[in-house]
Amino acid sequence: MVSPMLLIAMPLGAAFLIVLLGSKIAARIVAIATVAFLAVLAPFWLTAAISEPIAIVLADVVPPLGIAFGLDAVSAGFVLLIAVSGLLVLLYSLPYIPHAGEFKGKEKAEVRYYAIFLLLLAGAFGLVMTKDIFNLFVFFEILCISSYLLVAYSQEERALEASFKYMVLGSIGSAFMLVAIGLSYRLSGSLAMTDIAKALAAAPASYSTLVSVLFVFGFGIEAAIFPLNTWLPDAHSSAPSSISAVLSGFVIEVALVVLVRLSLNIFSGTMLLVLSVLALAGVLVGEMAALGQKELKRALAFSSIGQVSMMLFAFTLGSEIGRWAGFGQLLMHAGAKSALFLVSGYFIVRTGSHEIEAYRGLGRKMPAASAFFAIAALSLVGMPPFFGFFTKLRILEAAAAAHSGIGYAGIVVILFATVIESIYLFRIVRTLYGANAEAAVSSSAGGDLPVFAWIAVAGFVLLVLVGGFIIPSFDRLLQPMAAVLATI
Amino acid sequence: MISISAVLYSTSLILILLGLYGVLTRKNLIRVVISLDVVDLGVNIFLVTIGYVRDGRAPIYLADAQTSLADQASRMVDPLPQSLVLTAIVIGFGVTAVALTLLMRLYERKGTVMVSDLRGLKW
Amino acid sequence: MSTSMLLILPLAGFLTSLVASWIMPASSKARAPGGVQKFIAVIVFSALFVVVFLAKSEIGAGYLSIPMFGLAVNFGLTQLSWYFIAMVAGISLVTVLFTLQGLRDDGRYPFYYVWLFSKTFGMLGVMLSADMLTFFILWEVMSWSTYFLLQQGHEKAKRAGGVYLIYAVTAGMILLAGLLYVYFNVGSFDFRVLQTTFSGFDAGRIIAAMLLVLIPMLIEAAAYPVHWWLPSHTRMPKQAFPPTLRQFRLASVSMA
Chain A
1 MVSPMLLIAM PLGAAFLIVL LGSKIAARIV AIATVAFLAV LAPFWLTAAI
51 SEPIAIVLAD VVPPLGIAFG LDAVSAGFVL LIAVSGLLVL LYSLPYIPHA
101 GEFKGKEKAE VRYYAIFLLL LAGAFGLVMT KDIFNLFVFF EILCISSYLL
151 VAYSQEERAL EASFKYMVLG SIGSAFMLVA IGLSYRLSGS LAMTDIAKAL
201 AAAPASYSTL VSVLFVFGFG IEAAIFPLNT WLPDAHSSAP SSISAVLSGF
251 VIEVALVVLV RLSLNIFSGT MLLVLSVLAL AGVLVGEMAA LGQKELKRAL
301 AFSSIGQVSM MLFAFTLGSE IGRWAGFGQL LMHAGAKSAL FLVSGYFIVR
351 TGSHEIEAYR GLGRKMPAAS AFFAIAALSL VGMPPFFGFF TKLRILEAAA
401 AAHSGIGYAG IVVILFATVI ESIYLFRIVR TLYGANAEAA VSSSAGGDLP
451 VFAWIAVAGF VLLVLVGGFI IPSFDRLLQP MAAVLATI
Chain B
1 MISISAVLYS TSLILILLGL YGVLTRKNLI RVVISLDVVD LGVNIFLVTI
51 GYVRDGRAPI YLADAQTSLA DQASRMVDPL PQSLVLTAIV IGFGVTAVAL
101 TLLMRLYERK GTVMVSDLRG LKW
Chain C
1 MSTSMLLILP LAGFLTSLVA SWIMPASSKA RAPGGVQKFI AVIVFSALFV
51 VVFLAKSEIG AGYLSIPMFG LAVNFGLTQL SWYFIAMVAG ISLVTVLFTL
101 QGLRDDGRYP FYYVWLFSKT FGMLGVMLSA DMLTFFILWE VMSWSTYFLL
151 QQGHEKAKRA GGVYLIYAVT AGMILLAGLL YVYFNVGSFD FRVLQTTFSG
201 FDAGRIIAAM LLVLIPMLIE AAAYPVHWWL PSHTRMPKQA FPPTLRQFRL
251 ASVSMA
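Chains as they are written, first to last, in the working numbering: chain A, 1 to 488; chain B, 1 to 123; chain C, 1 to 256.
The set of hints was computed from the structure by calculation and includes no laboratory data.
Some hints here could point you the wrong way.
Derived pair list, reagent style EDC-like, types lysine to aspartate or glutamate, alpha-carbon separation capped at 20 Å [said to hold, decoys possible]: (1) A/K104 with B/E108; (2) A/K165 with B/E108; (3) B/K110 with A/E157; (4) B/K27 with A/E157.
The task is simple: from the sequences and hints, build the whole structure.
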């Protein structure tokens, strides 16, 4: 059994290798080879972890003294998602990155893009595998800092501003999280999450409430919980589209799941209720804001806020079916939103504009891209027979089964949000296939999506298409994840 | 007599609050970055203070046999938060570096680092 | 077997038409569907009509279950649904024959037949569904197929499409709420189970469930005046049928 520590070691090593070698070709090959290797191994880890969690011992130092890593069902599922998403987005980046921004030193910057991308993956992998609260902080910071850098990649003014805003909020969040970690350590005398869970359960209520509030603040900023998500629309819309796909696809979700895991195991029930209410508020605000957007990527970013809030709502219902539903939604959103962002990247490249109106008639010039967009949009809204329908249905089922006021409120909110989503998403689709004005597609750009981009988008769309039907085994994967999420 | 740990905890709290105030109110973005540093400073002091032991010694075992190892251990300051702080300092340094680089690029583009002139991104 | 053919045929038509529309160039400057697509349409719809009569023998017997994401999509043929299906098949065939000449050059609709197939699939599925979940799924398929079909018309039809969409999705969501409500009271999606247990409930719940289910039907019916300016007038009578059909179907199953 290959050690899952490769998940952290390989991307880290590859990142430094890339910077050392300094050549674009080497960067691309090394990056893709690394992630492809990990993506191939991921299903094996997943099957092993579902039957029994894999404990990882580093340098022969056994717990409780050593650094705690472990691969259980939730971690392994995420590893698979992150590895496959990462691979597809890397493929997309091959033709796309040269178009992302105009600045001095663009050639060298591309090498650094691949390196920082690998660092981001290493951070994400570490975050999902860690069982130790300080490790959590360290990998969380690796993830965050990589994403600050990648958001600013194009060095356009809006990207720099967005990245700065993100960074300020992120730093404040980290500071709070560090205080929470300090308090947890003070109480339990250990950094392992299991020990902290026990200690906080026995602690006086005010103490654990303080710790939980600080954690929610810290992680909530990264996980885009309302009202801590003001950085998201700017960051996700100004980042290069490959990075937007990665951020919306798994980065905020990973942070969300870590937060949920802590909440379920360490914090009290009232915190869950507070999170549910915030989640519903997030759904409403996100979707209503998306309705008013004129720029495609901003609309998609607000939509991410809404969708992630739906996931949070499902997770905080407190039941296993709720968690199951949340994971399903997570998987679907990763596929659909990534596809949408990747396609929008090429819309921007081909037309030179971020605005939806500029894409009028693009359905004819870029038929494959538009078709992919339409399919992913249909799934995001929740139209049968796509994946999105089944995940949304399950969330509604879980909400109804909760038999609580918040559950019923959630049903109403989600149904209403679906109507709003369909309005703006279909409006975009309608613009794409609109007939009046012809889109100003630059003749030098080669028409539709380049091959690698096509493959990447098709990969994500495939998930969305077949996720509902042909793979009932998804269910068998998600169910153990749901069960394990309630443990720590 | 106020204990040292109380003084340190209050200091860290004051620093954190000062830093937050700075982030929220300063117009010059470089000052915002400095305020973030102040917040980090406060948090680090807080973390170190967690390991505080009254009349504690440095966490190093001494070879002389006057006191047993267990005895020495019970009087040591907790070293773990100190290692946490080292890591946190490095991370804080990295973030500050990135932030200042961003500001440099912004300055090259716009010639200003005042928030009011940079309101490019709105609702 | 024939029951499954009823679903497979429109699906096959959808796929072949899609491929044909992508590969083959359009027949005229206005990009109306080419000869190949029309040919496919005629063949498939005629075959469909024939199969409907073959399926008559399978009434009550042809139960089909397809597993999907932990749930199952169920289809079955009853006497009542057979009549409706026969009607739909017949009208569809007539419509297609009309459109062979009727599709004018004032719009651009290369994918007309593609969406027509998709919509027929939805309608047949709705009528063949053996439980509420399947019903809802195929209903939604029908909704967005209709939306895309409307996008194939001229400008007025497209605007109508936008309005239609809001109606359709809202109706769909109310229907979903009603569906969940019924599910949580009865414990199953299956129509046959509903039929037996529904009579046991008190009036309040029955009324709530009926409202939640009938309002969407009415919304769909009321949305149809919006279709008076479609490019091909032969589409109108077809549109008027589905909501009334479904109202009958649902009423027949869940007894007022």
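Hint by hint, here is what the structure shows:
1. The straight-line distance between the Cα atoms of A/K104 and B/E108 is roughly 12 Å, inside the 20 Å bound, and the hint therefore holds.
2. The straight-line distance between the Cα atoms of A/K165 and B/E108 is roughly 18 Å, inside the 20 Å bound, and the hint therefore holds.
3. About 8 Å separates the Cα atoms of B/K110 and A/E157, which keeps this hinted pair within 20 Å; it holds.
4. A C-alpha spacing of about 18 Å is found between B/K27 and A/E157, which places the hinted pair at or below 20 Å, so the restraint holds.
Violated hints: none; the structure is consistent with every hint.
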